[in-house]
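Colleague: Those sequence lines, one after another, are chains C and F. Everything in the first sequence is counted per our numbering, starting at 1 for the first residue and increasing by one. Everything in the second sequence is counted per our numbering, starting at 1001 for the first residue and increasing by one.
Because the hints were derived from the structure by calculation, they are not lab data. Idealized CB from N, CA, C, for every residue including glycine. Among these hints, one or two may not hold up.
Derived lysine to aspartate or glutamate pairs resembling DMTMM-like cross-links, with alpha carbons at most 20 Å apart [what the hints assert, rightly or not]: (1) F:K1183 - F:E1229; (2) F:K1117 - F:E1229; (3) F:K1161 - C:E238; (4) F:K1239 - C:D120; (5) F:K1161 - C:E235; (6) C:K158 - F:E1104; (7) F:K1158 - C:D223; (8) C:K161 - C:D223; (9) F:K1188 - C:D156; (10) F:K1239 - C:D73; (11) C:K200 - C:D120; (12) C:K161 - F:D1055; (13) F:K1117 - F:D1044; (14) F:K1188 - C:E240; (15) C:K188 - F:E1240; (16) C:K200 - F:D1120; (17) F:K1077 - C:D223; (18) F:K1247 - C:D223; (19) C:K205 - F:D1047; (20) C:K77 - F:E1235.
So the derived label-pair ranges between C-beta atoms look like this [as the list claims (entries may be wrong)]: (21) F:D1191 - C:N251: 42 to 48 Å; (22) F:T1150 - C:S210: 46 to 52 Å; (23) F:I1071 - C:D143: 39 to 45 Å.
Each chain is listed here by its residues.
2 protein chains.
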Amino acid sequence: MKSAINTISLIGYGNVGSHLARHLRSAGIKTTHIYSRDLRSIEDAADELGAVAIDNFQDLPKNQLTLICVIDDAISKTIEQIDPQILIAYTSGSVELSALPKREHLGVFYPLQSFSKNQDLTITEIPFLIEATNEAFAQQLFDLASRLSTKVSYADSKQRKELHLAAVWVNNFTNHIVHIAEKYAAAKNLDFSLLQPLLKETIHKLDHLSAFAAQTGPARRGDAQIIDEQAMKLEGLEKEIYLLISKNIQNTYSTNEEL
Amino acid sequence: MKSAINTISLIGYGNVGSHLARHLRSAGIKTTHIYSRDLRSIEDAADELGAVAIDNFQDLPKNQLTLICVIDDAISKTIEQIDPQILIAYTSGSVELSALPKREHLGVFYPLQSFSKNQDLTITEIPFLIEATNEAFAQQLFDLASRLSTKVSYADSKQRKELHLAAVWVNNFTNHIVHIAEKYAAAKNLDFSLLQPLLKETIHKLDHLSAFAAQTGPARRGDAQIIDEQAMKLEGLEKEIYLLISKNIQNTYSTNEEL
């Protein structure tokens, strides 16, 4: 049986890397080495973490996990440059294990959350999805994640991709829909802050209702007159989006007998 | 100058009516009469409020405000049956004052929120939008709303309609997008609760970021390969919605120089 992970090396100090390093430290897992091609860019981070800043992959310690928190496109190239005996995990939702250079110890340590600079998160609530090229290493990563969060599970690359697509709807698309509303409000000189309580309540409701049950509004009621009136106020792609979503809401409830 | 409103009559005890009556009572405004065609349906409500249950519009007191909280389509017919000297306000976002029977005292008392049974709301944070056929009555309604909420403003029927359209995006459409994600997760046997923290954080971020600034994801990065891969997993209207929103996100950032 493998021993617990108490130190790591870190590659990539963006939103994900910086959040994880801080939370790992709070859980007693020390980042001893932090890599960047540009040493100056990680000086402060190294200071804060008490880590050594390195700009050469040869300086990564051989006997500890290296956590890769770089953008999807850079993961494969980064892995290629790292000594094959080093254990590696990466934090991407959509890069498949099988798409990367083969190695004995390669794993996924994926926090299903949207991290932003300067915004603290309750790490214990963040789901971590774990996968690895071998079972013992997967178990080690699972144990590591369990020291941060109460919501750790195994997910293979296919499941992780499906969750990533669901996450695109839940995060990227809801956010863009809000952007369309913000833009419309600005164009009409409306104070968007009037809509903030509604936005919060929309999501708050989903704590105990399915979105299916929580649906309200003109499309839900099949109020064709208001749908037409509102669509007339829009143009271009946004009008198309308005009409398509309204149609999909109408279809959802006209073909569904659950209500 | 008109005196403050301390008692009201209520027509309609659905989500809006029941929430408002309780909050008005907490603010010292008593509902003395509550109307329904079916007296039994309001027995409990009348008991709770200490009000008289009536099933005849002739029994509405002449000297106090009647608040109409019925569905949009029923507002006009309800008003027609009420003695012309009675002050009336209604709670709809999209029904124009000018579309209703003319009377000296007719006003709008619109809480911009989505009310649900069994879910308490912080009434002080809910925006109230006020409009009336004359200024003194508008002022009375404004004062009444100010006893419930710190966010009261005047808005004419045109502005209220525009806010209602923005609210359709912010509430109805974000909710439906989440429904699509829930449905996809169910079809793929994914545990949707894994996505709940992401959903909360999506909206939490918008407390201090615009949705424009908060946007992330494949479309934001212009990652055509992931967009294609993900669209292939969808079909029908939902595939169309996926592609249209992705395209609109790409257009938003490629034509905008703010970043």
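Colleague: Broken hints, numbered, in rising order?
Modeller: Hints 2, 4, 6, 8, 10, 12, 14, 15, 18, 19, 20, 21, 22, 23 are the ones this structure does not satisfy, whereas the remaining hints hold.
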